[in-house]
Amino acid sequence: MLDREPTDDEFDALVVAGLDDATFGTEQGLPIAEFDREAPTLADAIATAVRAIDSVGLVALRVLDQDLVTLADIADRIGQSRESVRRYSTGERGPGGFPPPANPVREGTIFYRWSEVAPWMSRNLGLDIPENDLALVVANLVLQARQHRDRVAHMAALSDLLAA
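Heads up: the sequence shown begins at 1 in full-length UniProt numbering, then just goes up one per residue.
Keep in mind that a hint or two might mislead.
Just the calculated beta-carbon pair ranges, DEER-fashion [stated by the list, open to error]:
1. Glu92 with Asp54: 45 to 53 angstroms
2. Arg62 with Pro95: 14 to 22 angstroms
3. Gln144 with Phe24: 17 to 25 angstroms
4. Thr7 with Arg87: 51 to 59 angstroms
5. Thr26 with Ala157: 36 to 44 angstroms
The hints are simulated quantities; they were obtained by calculation from the structure and are not laboratory data.
Idealized CB from N, CA, C, for every residue including glycine.
Turn these sequences into a full structure, and let the hints guide you.
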């Protein structure tokens, strides 16, 4: 997702910057770019696309991922029933220690972070979770940090945590 739709001149500059593998448009009124990029890893593909977007003055806000999930979403992803996953979440099944909800005090739909649930599933149930799932989550965290870096006093102290 981009901060705004590119102008015609920016679109031309994006193609020159190496984004000839992207399709630009809107989805539910939000500007998006979809890529079909060859790269050694998903992380490399995201990084090169974001750098190209940066080079023309646009801002990549986030990559679309599926990090926020419900128990039903988790069940679909791992091929088990919703009830089975609900029991993992309450500790009635499995070893316990299921990750907490992302919005524990909210009324209505409860969401979990796939980036927290996936490692738990892998560790405790032996399920293989694609590395790309976590690469998307990390990419979004980095893009979010970039958006706020000029507004956080002593941002270097926090960015040093990532390097450590």
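Hint-by-hint comparison with the structure:
no.	hint	in the structure
1	Glu92 with Asp54: 45 to 53 angstroms	holds (48 angstroms)
2	Arg62 with Pro95: 14 to 22 angstroms	violated (33 angstroms)
3	Gln144 with Phe24: 17 to 25 angstroms	holds (22 angstroms)
4	Thr7 with Arg87: 51 to 59 angstroms	holds (53 angstroms)
5	Thr26 with Ala157: 36 to 44 angstroms	holds (38 angstroms)
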